[in-house]
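Sequence lines, in order, name chains A and B. Per this note's numbering, the first sequence starts with residue 22, numbered consecutively. Per this note's numbering, the second sequence starts with residue 17, numbered consecutively.
Derived by calculation from the structure, the hints in this document are not laboratory data. Keep in mind that this is a model prediction, so the values were computed, not measured. Hints may contain errors.
To be verified - To give a feel for the contact side, a few chain A residues facing chain B, derived at Cβ under 8 Å: (1) Glu40; (2) Asp42; (3) Arg44; (4) Pro45; (5) Leu46; (6) Ala47; (7) Gly208; (8) Ile219; (9) Cys222; (10) Ser223; (11) Phe228; (12) Val231; (13) Pro234; (14) Met235.
Glycine included, every Cβ here is placed at the ideal spot set by N, Cα and C.
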Amino acid sequence: MSHATTNKTTSPESRPQPEVDRRPLARQRRNRILLQVGCVLITLFMALPIYLIALSATSSRAALQEFPLSFIPNNFSLETMETFLQSTGILGGLINSIQVGIFTLLLSLIIGVPAGYAVARFAFPGRDPYQLFLLFTRALPIVVLSVPLAQLFLQTGLYDSILAVVLLHTALALPTTILITSSVFLGVPRDVEEAARIFGCSPVQAFLKVVMPMAIPGIAAASIFTFVMSWNEVLGASILTLNQRTLPAQVLSSLAESPLAYRFAGGFLLVVPALIFIFFMRRYLTNMWGSTIR
Amino acid sequence: MADISIKGLHKTYPGSTELATNNVSLEVAEGEFMVLLGPSGCGKTTLLRMVAGLDFPDEGSISIGGRDVTYLPPQDRNLSMVFQSYAVFPHRKVRTNIGFGLVMKKVPRDELEKKVAWAADLLQLTPYLDRYPAQLSGGQRQRVAVARAIVMDADVLLMDEPLSNLDALLRLDFRAELKKIVQQLGSTTLYVTHDQVEAMSLSDRVAVMKKGQIAQLGHPITVYEEPADRFVGGFIGSPPMNFLEGRVTQQGALEVAGQSTDAPEFLARSAARSGGLPVMVGIRAENIYIEQRGAPGTLDATVDVVEPLGHATLLTVDLGGQVIKVQVASTVRVSPAEKVGLRFDQAAIRFFDTETQLGLTA
């Protein structure tokens with residue numbers, strides 16, 4: 022048994038002949054570990070606040086006052102959540118938020134998917150300006166958009182309705198819906214669509230039977246984006262409504278004068294539905310992207 | 017089944033000034049296997065797409081089985097097509113891929129199943145009917161595309177370079193299989209390719225295209241042996257036809273590379289009238305024989321490169337400054353720099369006009 026006296030740390034029982042330079046391998050391993058550590062740190066950065074909010078929201082009011090705060094859910098209670106849900110406007114806000122989210126999603130897909138398809142497939146006059154113009158809605162701050170909208174909605178009688186918020190959110194979501202779906206439609210080979218035409222489809226049938234199913238990943242991505250955007254959007258929703266508040270708007274309006282437990286419960290309720298939605302849509306995103314588009 | 021009649025097709029793509037097809041007319045008989053052959057950008061795919069209805073011509077007409085279809089959408093033309101990129105539907109299983117066209121035609125269910133089973137059996141896809149295309153190899157995907165096309169009982173079968181995405185060995189196998197299937201079906205077929213071997217081996221007739229026009233239309237062997245112009249001779253055949261600058265003298269001798277042999281009579285006659293005639297001499301590599309230097313009727317040349325191909329040996333030969341390819345049997349032993357005599361098979365020599373590049377015949 023001969024121990025190598027060189028500074029080799031990987032294998033103590035190295036064979037006598039060819040000296041292999043193992044440093045690049047070690048470097049590669051070290052980089053991989055660093056990458057893993059980086060990923061874990063970023064995940065913690067994102068997940069820890071969510072965990073803490075969830076922890077506080079499911080602890081009793083008394084447990085929140087303890088010091089030091091425990092990291093483990095040892096005194097689980099629904100007391101905080103119950104109180105929160107029973108406060109005025111919360112349940113209504115929750116229902117409003119879900120409605121707004123779903124209607125925004127549907128409306129922006131109904132308008133955005135055909136628009137994305139048009140941008141991807143057809144060379145029409147003014148296509149490039151159109152794409153640039155789309156981004157203008159996002160270039161303006163929501164406040165700037167909402168105030169004239171509020172006035173318009175007041176005149177037309179839409180003010181303080183779900184529809185008002187849906188319209189605003191759809192306008193905000195459309196640019197991304199169109200850009201995301203158009204990039205996915207670009208990935209659907211033209212041949213496949215032409216094959217559908219040859220084998221008996223009208224243009225609309227070819228779109229519905231062949232192109233749309235292949236674009237599901239992009240539509241899922243756009244849906245996630247739209248729903249989460251709508252769920253989180255607070256400024257416009259606050260300006261355009263008084264009684265028909267969405268959840269974030271409702272929470273925001275009463276945040277300043279509410280107890281700590283209320284804030285945690287509100288935060289928790291705001292995070293969870295978005296997470297659930299992403300969890301379900303993620304399936305389409307990852308499962309199908311690899312296998313459908315090629 | 018039906019014949020295709022194409023008359024005077026003009027097509028320019030938007031944003032381009034060049035004619036993609038320039039006054040193309042073509043008659044494909046019922047049950048005929050017609051190959052459109054040409055280099056990329058010659059308009060062959062454009063022509064196919066116009067027959068398919070995926071593009072519309074600017075001028076001219078197309079009729080299938082006597083019915084004018086020039087501006088009909090593809091779904092109303094009763095044709096089927098195999099695409100270069102397979103174009104199978106990735107989100108549908110092989111079974112529904114094959115049956116797609118029949119479902120769209122609202123064919124009854126039991127008939128549909130019978131046809132899908134028949135096509136799957138013919139193309140050896142039966143074990144894969146319940147898989148998704150992503151789970152198949154490239155060759156199997158192309159089989160799915162062919163199966164999808166043949167179940168249709170369409171008037172016309174269109175194929176756009178169906179073999180060019182397959183690897184070489186598979187292509188060879190599938191080529192023969194395709195020929196067998198199409199012969200069985202007996203359908204009118206329009207087949208686009210840039211591969212002259214495919215064109216030769218599959219077609220009843222081949223239309224060689226160049227710059228949006230048909231340069232020559234004919235039986236593949238005729239096109240091979242008697243190219244209508246220099247382009248066709250240079251495009252078809254591997255290696256392509258050799259072209260030598262030559263001259264027919266007033267006395268009726270053919271001068272090539274400073275040496276002379278007899279010229280054919282029709283050339284000698286016109287040369288006698290015009291007082292000498294420059295010509296382009298075309299000869300295929302396999303129609304040149306190697307002999308002893310100085311043997312009567314041979315041209316002096318020097319071997320440059322020897323490439324054994326297995327079934328034959330390909331020589332690159334210097335003939336008085338002009339480089340030509342010669343294919344000899346693999347049993348012939350020659351070495352580079354060897355001085356040899358070349359004998360041209362007189363019957364296989366073709367002559368071309370030096371100005372127009374067109375073939376000269378009696």
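Task: Given hint A:Met235 near chain B, where the shortest CB pair must fall under 8 Å - done: holds (6 Å)
Open item on the list: Using the nearest Cβ pair, does A:Asp42 come within less than 8 Å of chain B?
Closed with: At about 38 Å, which exceeds the 8 Å cut-off, the nearest Cβ of chain B leaves the hint on A:Asp42 violated.
Task: Agreement of hint A:Phe228 with chain B interface, Cβ distance less than 8 Å - done: Violated, about 13 Å.
Task: Restraint outcome when A:Val231 is required to lie within 8 Å of chain B by C-beta distance - done: Since chain B brings a Cβ to about 6 Å from A:Val231, closer than 8 Å, the hint holds.
Open item on the list: A:Glu40 was flagged as interface toward chain B. Is the shortest Cβ-Cβ separation under 8 Å?
Closed with: violated (42 Å)
Open item on the list: Holds or violated: the hint that A:Ile219 contacts chain B, with Cβ atoms closer than 8 Å.
Closed with: holds (5 Å)
TODO: Identify whether the interface hint at A:Pro45 stands, where standing means a beta carbon of chain B within less than 8 Å of its own.
DONE: At 35 Å from the nearest chain B Cβ, A:Pro45 fails the 8 Å test, so the hint is violated.
Task: chain B contact restraint on A:Ala47 - CB to CB distance below 8 Å - done: violated (38 Å)
- [ ] Grab the minimum C-beta distance from A:Leu46 to chain B and call the hint holds if it beats 8 Å, violated otherwise.
- [x] violated (35 Å)
Open item on the list: Can you verify the interface hint for A:Pro234: is its Cβ closer than 8 Å to any Cβ in chain B?
Closed with: holds (4 Å)
- [ ] Verify the interface restraint on A:Ser223: the C-beta must sit less than 8 Å from at least one C-beta of chain B.
- [x] holds (6 Å)
Task: Minimum beta-carbon distance criterion (8 Å), A:Gly208 to chain B - done: violated (11 Å)
Consistency with the previously given hints fails for numbers 1, 2, 3, 4, 5, 6, 7, 11, ordered from lowest to highest.
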